[in-house]
Amino acid sequence: MGKEKIMRLNFGPVHPAMHGVLKVILDVKGDTVIKAQTEIGFLHRASEKIAEMRYFSNYYPIMDKLDYVSALNMEILYASVVEKAANIEIPPRAVYIRTIMAEIQRIMSHLIFIGSFGEDIGNMTGFIWALRERELLMNIVEKVSGGRLAPMYICNGGMFYDFPQGIEEEILKVLSVIENKVNHEYNAMFTKNQIFLSRTKGIGIITTDMIKKYGITGPIARASGINRDLRKVSPYLAYDKVDFDIPTEKEGDTYSRFVVRIREVLESIKIIRQCIKDLPAGPYKTVVPWIIRIPKKDTLVKQESPRGEMGVFLVTDGSDKPYRLKLRSPTFFAIHALQELLVNIKIADIFVIVASIDPVMGEVDR
Amino acid sequence: MISNYIYSFVSKFVFSPLSYIISFIIIAILAVMVTALIPLFIGWVDRKYAARIESRYGPVYVGPFGLLQNFADLTKMLGKRFIATNIDWFSFNFTPIALATSSFAMLLIIPLGGPGLEFISIPYSLLFIYTLLAISPLLLLVAGWGENNKYALIGGFRGAAQIISYELALIVVLSSVALLSGSYSINSIVSNQSSIWYIAYLPVTMIVFIIAGLAIIEREPFDVPEASQELQAGWKIEYSGIRYGLFLIGDYVKVTVIAMLVTYLFLGGWNGPFIPGILWFIIKTAIVLMIILTPRWVLGRPRIDQLIKFGWNWLLPLAVLNLILVELLVVL
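From first to last, the protein sequence lines stand for chains A and B.
Note that my numbering numbers the first sequence so that position 303 is 304, with each residue one more than the last.
Note that my numbering numbers the second sequence so that position 28 is 707, with each residue one more than the last.
Don't read these hints as lab results, they were simulated from the structure.
Keep in mind that a hint or two might mislead.
35 Å max Cα-Cα, derived DSBU-like pairs, lysine-lysine [stated by the list, open to error]: (1) A:Lys193 with B:Lys988; (2) A:Lys182 with A:Lys278; (3) A:Lys347 with A:Lys214; (4) A:Lys347 with A:Lys24; (5) B:Lys988 with A:Lys347; (6) A:Lys24 with B:Lys829; (7) A:Lys193 with B:Lys727.
If you're wondering where the values come from, they're calculated on a predicted model, not measured in any experiment.
Kindly produce the complete structure, drawing on both the sequences and the hints.
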């Protein structure tokens, strides 16, 4: 063997298998990665600055496009921060509808994760199956709100429309289909598949120290043994009135991150069933004017998005527009752990580890 | 032999030297048609089958049940512009032709469902087919190097490493079958199985053969060299148009050949009671083909080090062990 040469590989931002426009610069020796460097910012759209030029009611479409895989969670988060700042009380029916929609969106987001994770291992069928189940929920979101990917359903004081008639039975029917598929087909395809296990177990281990060092939250932290979920720690919406568990794993490898999300899907199904059972009648929104003025104050709201703790810090100065809006996005912190994770691994494992972080670049770059 | 039938048929009407030329032309046309139609049909089967697994429809619009979809795709590929830049011209253009030729040659040598139903009959047909299969690592390296692309180079080296670690197991398996029947000719191997199929003697060897065969032809789950996620089709990355189409057809030819070989070597080929031999052959090959096509859609892709470890640690020892058992069987 002669002198071993180091090859520099650019994965992304246009690499077809990369999640969004993340760029990873790798130094590769043979088939082994020896150094990795992440580069973000390719999808920067100045979302925080746009907020300063818009009325409080006009920022929802931008929130939709931040984390476009879980748009409803983003809308609910922004609605919560505006309502907290302006002291708007929303009726109990709106609280429950928001909880149901947030959990439907969480299932959809996790299905995308399950599919793309399987696809990165080379299992195209898993991807298409996951999208097939997501389509059922997409149809429900379409019936409820009129939109699919960016629904624009939530507004200040509640939501634009009430639930259409008979949607509860339809949601329950779809949920039982998804529960059945997750319990049987996905187990056969993923968690009982030897090749899948050998590819995911023991790689990309995130330790508890790394979680604290980088400030990682959400399913990634829960896969590393940190039992922290804002839905339990500081309940918002109707989460203190329903009974559910927080799935945690100890290993912190890519497999446990996958299993945590699979089990979160089942927990979300549990939450939606309870919410539909307790769904109160009454008004679905508090009528508030389109243009509202919020007095000078600072407001912080953090909620559990499918990717972790998403926060909005709102500074108002008494006008009809925010003085400053700061977004705290969970995968922005997790992305930086990649530089430590993507070392001394084979090239084939890069995408398994990146997919297990489940990054959505719209939310990272903002 | 097909050529003998056609020659004797033509010579009834035309005198000697001209009849030879005419029958040669007829055979050539027939060979091109058969070798082109079989992979396209198998490609349709694969697409339809995969679509059913994935809850899709697959091709429906072109022809009945979408049967002609692959013809439409190939026609489209013929019209594509040549876009690759900074390539090594000779190795880039030589590889698809060589790979497709070596694949099509297999279909000329292998019997197509009956005794003597082959275009070229040679006494060592099994060995020759193995040789044609074993050419590919060299071609992968040449293609990966000629494309002047990092992903292609990594893919080419992976392909060479993978095929070298699995073709040893394949030749050991073929040798144990040849040892049992005493011949390297597929015709005589099949006729030796008229009383009992070799799967009764060599069940493990058949599984080893299927796995090693899948690895040699880079069918999923062994498609590490062209891993479409991390390497973006690996050594095929710069190819487009009809050059890529030739790779695709070559892949389907190889899948067909592996399914046929399993039928001939272990399942008795065209031997079977009650119905004609060719029907037996088609039924057996279809079942084997379905078994071979399934893993692609239900399994993931192992890592390259796991794959090579599996080949050397499990497959080769199993194959050698079976060879020793067969030797004992033959001697005793």
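Checklist entry - When the hints from earlier in the document are held up against this structure, which numbers fail? => result none
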